[in-house]
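Quick one: dock chain against chain with the hints and give me the complex.
Just so you know, the protein sequences line up as chains H and Z, in that order.
Residues in the first sequence are numbered consecutively from 1, following our numbering.
Residues in the second sequence are numbered consecutively from 1, following our numbering.
Since the hints were made in silico from the structure, they are not lab data.
Being a predicted model, the structure only gives us computed values, none of them experimental.
Among the hints, erroneous ones may be present.
From the structure, some residues in chain H lie toward chain Z, with a derived Cβ separation under 7 Å [claimed, not checked]: (1) N5; (2) G80; (3) A84; (4) E278; (5) Y279.
Derived DSSO-like pairs (lysine-lysine); straight-line CA-CA distance at most 30 Å [stated by the list, open to error]: (6) H:K262 <-> Z:K82; (7) Z:K202 <-> H:K257; (8) H:K219 <-> H:K159; (9) Z:K254 <-> Z:K49; (10) Z:K21 <-> Z:K65; (11) H:K257 <-> Z:K212; (12) Z:K212 <-> Z:K195; (13) H:K262 <-> Z:K87; (14) Z:K78 <-> H:K43; (15) Z:K49 <-> Z:K65; (16) H:K69 <-> Z:K212; (17) Z:K334 <-> H:K69; (18) H:K163 <-> H:K69; (19) Z:K175 <-> Z:K136; (20) H:K89 <-> H:K113; (21) H:K262 <-> Z:K212; (22) H:K257 <-> Z:K65; (23) H:K219 <-> Z:K212; (24) H:K219 <-> H:K113; (25) H:K25 <-> Z:K254; (26) H:K25 <-> H:K187; (27) Z:K212 <-> H:K25; (28) H:K89 <-> Z:K78; (29) H:K16 <-> H:K163; (30) H:K89 <-> Z:K87; (31) Z:K82 <-> H:K16; (32) H:K262 <-> Z:K65; (33) Z:K65 <-> Z:K254; (34) H:K89 <-> Z:K82; (35) Z:K49 <-> Z:K21; (36) H:K257 <-> Z:K334; (37) H:K16 <-> H:K89; (38) H:K16 <-> Z:K254; (39) H:K16 <-> Z:K78.
Even for Gly, the Cβ is constructed at its ideal location relative to N, Cα and C.
Single-letter residue listing:
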Amino acid sequence: MSETNIYLPNLMRIAKITEESPAVKTFRLEFVDEVAAQNFEFKTGQFGLYSAFGEGESTFCIASSPTRKGYIECTFREAGRVTAALADKEVGDIVGFRGPYGNVFPLEDWQGKNLVFIAGGIALPPLRSVIWNCLDLRDWFKDITVVYGARSVADLVYKHELKEWSERSDMQLVTTVDPGGETPDWKGKVGFVPPVVEQLGPSAENTIAIVCGPPIMIKLTLPVLQKLSFPPERIFTTLENRMKCGLGKCGRCNTGKSFVCKDGPVYTLAQLNELPAEY
Amino acid sequence: MADTFELSHEALNGLFAALRKDGRRVLAPVDSDGRTELNEVESPAQVAKDYLQTILSAKEVVFPKVERLLSYTTGPGKVELKDPEPKALPTVLFGVRPCEAAAFGALDAVFNWDTRDSFFNARMAQIAVIGLSCTKADAACFCTTVGGGPADTRGSDILLSPIEGGFLAEVLTEKGRSIQALAPELFQDGRGIDKTAVKLDKAFDQPALTAKLPGMFDSALWVDQSLRCIGCGACAFVCPTCVCFDIQEEADPKQGQRLRCWDSCGYRMFTLHASGHNPREVQSQRWRQRIYHKFSYYPERYGMLGCVGCGKCTRACPVDMNLREHLVETSEMKA
Chain H
1 MSETNIYLPN LMRIAKITEE SPAVKTFRLE FVDEVAAQNF EFKTGQFGLY SAFGEGESTF
61 CIASSPTRKG YIECTFREAG RVTAALADKE VGDIVGFRGP YGNVFPLEDW QGKNLVFIAG
121 GIALPPLRSV IWNCLDLRDW FKDITVVYGA RSVADLVYKH ELKEWSERSD MQLVTTVDPG
181 GETPDWKGKV GFVPPVVEQL GPSAENTIAI VCGPPIMIKL TLPVLQKLSF PPERIFTTLE
241 NRMKCGLGKC GRCNTGKSFV CKDGPVYTLA QLNELPAEY
Chain Z
1 MADTFELSHE ALNGLFAALR KDGRRVLAPV DSDGRTELNE VESPAQVAKD YLQTILSAKE
61 VVFPKVERLL SYTTGPGKVE LKDPEPKALP TVLFGVRPCE AAAFGALDAV FNWDTRDSFF
121 NARMAQIAVI GLSCTKADAA CFCTTVGGGP ADTRGSDILL SPIEGGFLAE VLTEKGRSIQ
181 ALAPELFQDG RGIDKTAVKL DKAFDQPALT AKLPGMFDSA LWVDQSLRCI GCGACAFVCP
241 TCVCFDIQEE ADPKQGQRLR CWDSCGYRMF TLHASGHNPR EVQSQRWRQR IYHKFSYYPE
301 RYGMLGCVGC GKCTRACPVD MNLREHLVET SEMKA
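Bound-form chain Z, shown alone (with noise of 0.2 Å):
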């Protein structure tokens, strides 16, 4: 059960300089050439304003475009390996989205279900999230079609949700706590308040979908959706689940580099075999892997969904493909 407190504006000025003062850096949304990133600020003051989200995802915190999984020096019949310890700075994440937040849940199911991936926790373990609610959606958004809602806690250290002179806060965890006891006199009791949040309508029967798909992978859907696709990967680049990964080499004779990069089911690339047999070669079946990933082989495989309903692929599309449109289309078909 959380803790429920009153953290007032300036409240919040006296909680970021003691989390800085803790040595811990503040990632929050900073508006900068008409975009809104993550990026690292001192004050609340620069925190970006009324923002609706950022355009890339908070998983780059934990889960970097680049990461080095190893080092080596080469020379003649010797090799030596380096293995780096992943670098993970205390870092607190102000103002995700609650979408956002809960998606960490769906990256730690990829990287943790079976050996654990070291450098993806060594992240995790010196994250915490300081979590802001919603107070306004747009035609992308589906949050609550996915289980989530605009004030939904999960993936939350702190959760935020804006009232009259300051915030509502719900200190949800053991980390969450440890940011409290920093500062406790900012928090003053907060219980009977109620917490706001913009009114989102679900968009379609979210497990009914999850249970047609078996039944449609022959459906000529999945050519008539994705005909306009370029297979440009935006939509995983910025998708704040997408977690498939290429590795690459980077290396001169004598030093090289494996490298961890973010990589996308939509592209040719992805599962082509050295023979030139490619199990997915056009697009539709590349995009028919995105949606039935997400919203059936997730579900099955780790008992939650792969999208969390942000919204974000859409927003990013060059060519205007809606996803939540789509899910509507596909989840009105008749299976």
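In isolation and in its complexed conformation, chain H is listed as follows (with noise of 0.2 Å):
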């Protein structure tokens, strides 16, 4: 009986590659193969590990909609020998994915409900993979409300598309940055996240709060959605510990006796109420 190797990768080809903020690129790819392109399906959570090949792997969430079809976007900082490599790679170069590994936001749980995204700095990118899947499908949601923030505007993703959000007239877009990160003509908010929301006041009422952000900002969130008498199981975010194999085999990911691999990367602050702070 043979079995196929899992850890062996789909070769993509880079399609288009932007360039986000300082460090921070996204890449579009489409898959080499056309058999793998056409069976590859996914859900907005996921997330796979990208190969620089020579490098090594890195793990990323998807970035782009399971409802644009075709390919795929991850969007990286530089911060390590295989990001390091991956951002100098040019379109038209090969890179490697396995994927998609994880659970999944439950989105057919949340029709009928408002929602309230809330992101920070280099953490908006798995939460724009559910935005625009949220978009695309809009009638099944009420009011789509995102809050963004980052240190600095030259920090702030998305730029293009943080404009397209802003003119929409069936959601909200709210975006900060840090005191001090502003320019002369900025026309957001200047402040840290959680006094942000604060202030938005967003009604817990039949609503789903995802938040995703660098470990502090969370933190802080947290007790401001408490406040608002947001109940655990409706706050939502997504882990992304150090992995190696995304199979649930390596161990990295490990807390408590969850994979973060493999049991998340989606959490609900109920779930995570039951683990170790070990994230």
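Spelled out as structure tokens, the structure:
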């Protein structure tokens, strides 16, 4: 009996590169193999392992929406060996992709509800997949609100899409930058994400909150949401622990009995409260 | 139900010859430079006498320290992947202690609980285990505390227990019967002969320990126990059940390979995020992870323990951390 090699990546051609902010890029990737392209399916919330051949693999979410067919996108900050090698790539170059891995945001369960997305810095990419997915299924949901903060105006990613979202009448976008990060022509808010959310004060009534950001932002935003009466079952986040296999074997994303790569990366606060705080 | 036979020392010579004639290599504990390690042997005479255990475990045979997962060649706008067929030689592991034989089940739980790991499985399919019951134990041993025993049959295809003039052989599996079938005349009827092995009292109440661990996460005990841990990872290296691995790249500008290497939750880098954030920042958190993974998360996830009580980690620890003693201490703590 011959089994397939679960560590073998798909070959992907870089179709488009977008410079988002200093050291942050978005790749649009297309499958080299047509059969693989046709068989590929994913749901929002899932992630993959991206190869820079010669350097290794890194874990990022799939930042595009499954409603946009024929490609996947990933957004990454140059932070180490693999991401530096990826950042050197050009359109037409080949990279690897294994996935999709992990669980999903339960959009079916969110039908008929208001959605509040809260993201900080480089953590917008995982939520961008969900946001576009929800916008492409706009009838499913009631109000959609996005709060997005970054250290400075230059650090905001997806600037072209933020503009598009701010012009849409069927959603509300609130952008903010940390004090000192604003430019003279900045039209958004100045302040950290948690107080901006508190000031905005979204009603918890029939509302789902989806939070993703650096640990400190999440830590300070959760009490705000609790104050606004969001129950832990309706607060979602997505974790990105260090991973090597993505398949629940290599052991490093192990948090309590949970594997972030298999049981996550999407968790409700109620689920996280059951786990040791090792994420 | 095992078939029980008597296998004389002389018959064992014949069995080794038959195995090698069948094209199988035989790996057994061999003494060399004061260490006992698994090595290829031709005859029982080469096998170590009176050894307690090997220093390293038998896991390396099915889960090598370094294993190629794939290789590739690269050129401008082009990458060609090569999928290595795992090369596994037909192998008999002789003289494996029952604790280590049981550990193959714990490895299998991780490698195959969801997707199946073709590399591990190709190697497992090619091995047969002739276990050997223990006639002695040391202060690091606690197999009987974690559901095993000095003559436990789990994981062995044939289990030998020393008796006067040779061994009592319990033929336990299809693989065991295929070995017996190579030279059936060597196996004499052994029904009615008792197997003897060393007696080892339980060191602590393991089910009670597993039950209380979830409530002890924030105990100061983990800091106390691990103050002297230097995070060297020797415990994971010698452990027959430690399965956590790293994936590393070895490449030049034209070609490369992706390698799976042993890793340890005791290392700081194991969980370090790209942002610099580390969920297990200090050694006591990593020590706690080791205990919880084996005695709490494993049972919850796979319905078995991630420890076989072999004591290898204790014998290998350069700062004399004794797992058995630490577990006894933990189980005596008020929850």
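Now the hints, each set against the structure:
1. Interface restraint check for N5 of chain H: the shortest CB-CB distance to chain Z comes to about 5 Å, inside 7 Å, so the restraint holds.
2. Of the supplied interface hints, the one on G80 of chain H holds, with its beta-carbon coming within about 6 Å of a beta-carbon of chain Z, less than 7 Å.
3. Annotation: interface hint on A84 of chain H violated; nearest CB of chain Z at approximately 11 Å, more than 7 Å.
4. Because the closest C-beta pair between E278 of chain H and chain Z is about 4 Å apart, less than 7 Å, the hint holds.
5. Taking 7 Å as the C-beta cut-off, the interface hint given for Y279 of chain H holds, the closest approach to chain Z being about 5 Å.
6. For the hint linking K262 of chain H to K82 of chain Z, the alpha-carbon distance of about 27 Å falls within 30 Å, and the restraint holds.
7. The suggested pairing of K202 of chain Z with K257 of chain H holds, with an alpha-carbon distance near 26 Å, which does not exceed 30 Å.
8. Proposed proximity of K219 of chain H and K159 of chain H is supported: the alpha carbons are some 26 Å apart, at most 30 Å.
9. A threshold of 30 Å between alpha carbons decides the hint, and for K254 of chain Z with K49 of chain Z the separation of about 50 Å lies outside it, so the pair is violated.
10. A C-alpha spacing of about 29 Å is found between K21 of chain Z and K65 of chain Z, which places the hinted pair at or below 30 Å, so the restraint holds.
11. For the given pair, K257 of chain H sits about 15 Å from K212 of chain Z by alpha-carbon distance, which is consistent with the 30 Å threshold.
12. The hinted pair formed by K212 of chain Z and K195 of chain Z fails the criterion: a straight-line CA distance of about 36 Å is larger than 30 Å.
13. A distance of roughly 29 Å separates the Cα atoms of K262 of chain H and K87 of chain Z; the hinted pair therefore holds under the 30 Å criterion.
14. About 29 Å separates the Cα atoms of K78 of chain Z and K43 of chain H, which keeps this hinted pair within 30 Å; it holds.
15. Our distance criterion of 30 Å between C-alpha atoms is met by K49 of chain Z and K65 of chain Z, whose separation comes to about 27 Å.
16. Between K69 of chain H and K212 of chain Z, the direct Cα distance comes to roughly 49 Å. Violation of the 30 Å bound is thereby established for this hinted pair.
17. Note on K334 of chain Z and K69 of chain H: the hinted pairing is violated, with a Cα-Cα distance of about 57 Å set against a maximum of 30 Å.
18. Distance check on the hinted pair: K163 of chain H and K69 of chain H sit about 23 Å apart at the alpha-carbon level, within 30 Å; holds.
19. For a cut-off of 30 Å, the pair hint linking K175 of chain Z to K136 of chain Z stands: about 28 Å separates their Cα positions.
20. At roughly 41 Å between alpha-carbon atoms, K89 of chain H and K113 of chain H are farther apart than 30 Å, so this suggested pair is violated.
21. Restraint check for K262 of chain H and K212 of chain Z: the C-alpha separation of about 26 Å stays at or below 30 Å, so the hint holds.
22. Of the pairs offered as hints, the one joining K257 of chain H and K65 of chain Z holds, with about 25 Å between alpha carbons and a cut-off of 30 Å not exceeded.
23. For the hint linking K219 of chain H to K212 of chain Z, the alpha-carbon distance of about 28 Å falls within 30 Å, and the restraint holds.
24. At most 30 Å may separate the alpha-carbon atoms for a hinted pair to count; K219 of chain H and K113 of chain H meet this at roughly 25 Å.
25. Of the supplied pair hints, the one linking K25 of chain H and K254 of chain Z holds, its CA atoms being roughly 25 Å apart against a limit of 30 Å.
26. Among the hinted pairs, K25 of chain H with K187 of chain H is consistent with the structure: their alpha-carbon atoms are about 24 Å apart, no more than 30 Å.
27. Restraint check for K212 of chain Z and K25 of chain H: the C-alpha separation of about 47 Å exceeds 30 Å, so the hint is violated.
28. For the hint pairing K89 of chain H with K78 of chain Z, the CA-to-CA distance comes to about 12 Å; that is within 30 Å, so the pair holds.
29. Distance restraint check for K16 of chain H and K163 of chain H: the Cα-Cα separation of roughly 20 Å lies within the 30 Å cut-off, and the hinted pair is therefore satisfied.
30. For the hint linking K89 of chain H to K87 of chain Z, the alpha-carbon distance of about 34 Å lies beyond 30 Å, and the restraint is violated.
31. Of the supplied pair hints, the one linking K82 of chain Z and K16 of chain H holds, its CA atoms being roughly 27 Å apart against a limit of 30 Å.
32. Taking the CA atoms of K262 of chain H and K65 of chain Z, the gap is about 25 Å. The hint holds against a cut of 30 Å.
33. Proximity of K65 of chain Z to K254 of chain Z is assessed by CA-CA distance (about 25 Å); at most 30 Å being required, the pair is judged to hold.
34. For the suggested pair K89 of chain H and K82 of chain Z, the alpha carbons sit about 22 Å apart, so the restraint of at most 30 Å is met.
35. Simply put, K49 of chain Z and K21 of chain Z have alpha-carbon atoms about 24 Å apart, close enough for the 30 Å limit, and the pair holds.
36. Proposed proximity of K257 of chain H and K334 of chain Z is supported: the alpha carbons are some 23 Å apart, at most 30 Å.
37. In summary, the hint linking K16 of chain H to K89 of chain H is supported, as the alpha carbons are separated by about 11 Å, within the 30 Å threshold.
38. The suggested pairing of K16 of chain H with K254 of chain Z holds, with an alpha-carbon distance near 24 Å, which does not exceed 30 Å.
39. Taking the CA atoms of K16 of chain H and K78 of chain Z, the gap is near 17 Å; set against the 30 Å cutoff, the hint holds.
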